[in-house]
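Could you build the full structure based on these sequences and the hints that come with them?
The residues making up each chain are set out below.
Number of protein chains: 2
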Amino acid sequence: MDKVLEDFLNTVKFDGNGLICAIAQDDATGDILMQAFMNRDALQRTLETGKVHYWSRSRQKLWFKGESSGNVQELRGLFIDCDNDSLLLRIHQIGNAACHTGYRSCYYRKFTPAGLETIGEPVFDPKKVYGA
Amino acid sequence: MDKVLEDFLNTVKFDGNGLICAIAQDDATGDILMQAFMNRDALQRTLETGKVHYWSRSRQKLWFKGESSGNVQELRGLFIDCDNDSLLLRIHQIGNAACHTGYRSCYYRKFTPAGLETIGEPVFDPKKVYGA
Numbered sequence: 453m454d455k456v457l458e459d460f461l462n463t464v465k466f467d468g469n470g471l472i473c474a475i476a477q478d479d480a481t482g483d484i485l486m487q488a489f490m491n492r493d494a495l496q497r498t499l500e501t502g503k504v505h506y507w508s509r510s511r512q513k514l515w516f517k518g519e520s521s522g523n524v525q526e527l528r529g530l531f532i533d534c535d536n537d538s539l540l541l542r543i544h545q546i547g548n549a550a551c552h553t554g555y556r557s558c559y560y561r562k563f564t565p566a567g568l569e570t571i572g573e574p575v576f577d578p579k580k581v582y583g584a
Numbered sequence: 453m454d455k456v457l458e459d460f461l462n463t464v465k466f467d468g469n470g471l472i473c474a475i476a477q478d479d480a481t482g483d484i485l486m487q488a489f490m491n492r493d494a495l496q497r498t499l500e501t502g503k504v505h506y507w508s509r510s511r512q513k514l515w516f517k518g519e520s521s522g523n524v525q526e527l528r529g530l531f532i533d534c535d536n537d538s539l540l541l542r543i544h545q546i547g548n549a550a551c552h553t554g555y556r557s558c559y560y561r562k563f564t565p566a567g568l569e570t571i572g573e574p575v576f577d578p579k580k581v582y583g584a
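Protein sequence lines correspond, in order, to chains A and B. So the first sequence is numbered by this note's numbering: it starts at 453 and just counts up by one. So the second sequence is numbered by this note's numbering: it starts at 453 and just counts up by one.
Everything labelled a hint here was simulated from the structure, so no lab data went into it. Small disclaimer: the values here were computed from a predicted structure and weren't measured. Among the hints, erroneous ones may be present.
BS3-like, lysine-lysine: derived pairs with alpha carbons at most 30 Å apart [as the list claims (entries may be wrong)]:
#  : chain 1 : residue 1 : chain 2 : residue 2
1  : A       : Lys503    : B       : Lys562
2  : B       : Lys513    : B       : Lys503
3  : B       : Lys503    : A       : Lys562
4  : A       : Lys503    : A       : Lys513
5  : B       : Lys562    : B       : Lys579
6  : B       : Lys562    : B       : Lys580
7  : B       : Lys465    : A       : Lys465
8  : A       : Lys580    : A       : Lys513
9  : B       : Lys455    : A       : Lys503
10 : B       : Lys579    : A       : Lys465
11 : A       : Lys455    : B       : Lys562
12 : A       : Lys513    : B       : Lys580
13 : B       : Lys513    : B       : Lys455
14 : A       : Lys465    : B       : Lys580
15 : B       : Lys503    : A       : Lys465
16 : B       : Lys455    : B       : Lys503
17 : B       : Lys503    : B       : Lys579
18 : A       : Lys465    : A       : Lys455
19 : A       : Lys455    : A       : Lys503
20 : A       : Lys562    : B       : Lys580
21 : A       : Lys562    : A       : Lys580
22 : B       : Lys465    : A       : Lys580
23 : A       : Lys579    : B       : Lys465
24 : A       : Lys465    : A       : Lys513
25 : B       : Lys580    : B       : Lys503
26 : A       : Lys513    : A       : Lys455
27 : B       : Lys455    : A       : Lys465
28 : B       : Lys562    : A       : Lys465
29 : B       : Lys465    : B       : Lys513
30 : B       : Lys465    : B       : Lys455
31 : A       : Lys579    : A       : Lys513
32 : A       : Lys562    : B       : Lys579
33 : B       : Lys513    : B       : Lys579
34 : A       : Lys562    : A       : Lys579
35 : A       : Lys579    : A       : Lys503
36 : B       : Lys465    : B       : Lys503
37 : B       : Lys513    : A       : Lys562
38 : A       : Lys465    : A       : Lys503
39 : B       : Lys455    : B       : Lys562
40 : A       : Lys513    : B       : Lys562
Rendered as structure tokens:
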């Protein structure tokens, strides 16, 4: 492995489950598209391939984002926070939607005094992408 | 407690430690300033006061952001993700800096082929704000 990459992976503080929070931000618009977790392997593959990989907590396996849907996230920049325990990914979102529900961003519901309000419209129909 | 707020708090999926990831984004610029965690109490106080509260994992106590530094975060909008386990806070950052190191954003270091590169300049001197 590249020495710079290895040094970086050793700098990252993974939590007790071996995970670090990763925030995906659209590099062109600044929109927050999603937040997930990475383990060391997912972070290494992301930096080596330029395509974002996460660790799926629900499926307990490496998750190449977009493998099923085609909505791959191309890495444009990676930042780490002051405590080395949070990552900010600047990405280009293929298919213009990050969320498995079909919305562009996973944060499509806003808290209001009347309850949760849905913002915007779905970009794709999840039944067509993932099957019924 | 307000019924809408109570319903929302019951919708939120806190993790095994009673925490949820919260991302603070500058409402005016879209910059990501920091990421921390909230417990139910911190989320309730944030929504009731309009000022962001987190749960400090290192100090194991409620953390009213800006209590020491004056760099309070005024809540402008709160979004929840598709899985109900991640929050996006749109905020106005008093003092124009969120990071305890004096930088505007906690994500002031970028991974590059030459290693971590510091982006930008500190906004304040932490020694003057927090003491030596």
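Problem set entry | Those earlier numbered hints the structure runs against, lowest number first | Violated: hints 9, 12, 20, 27, 32, 39.
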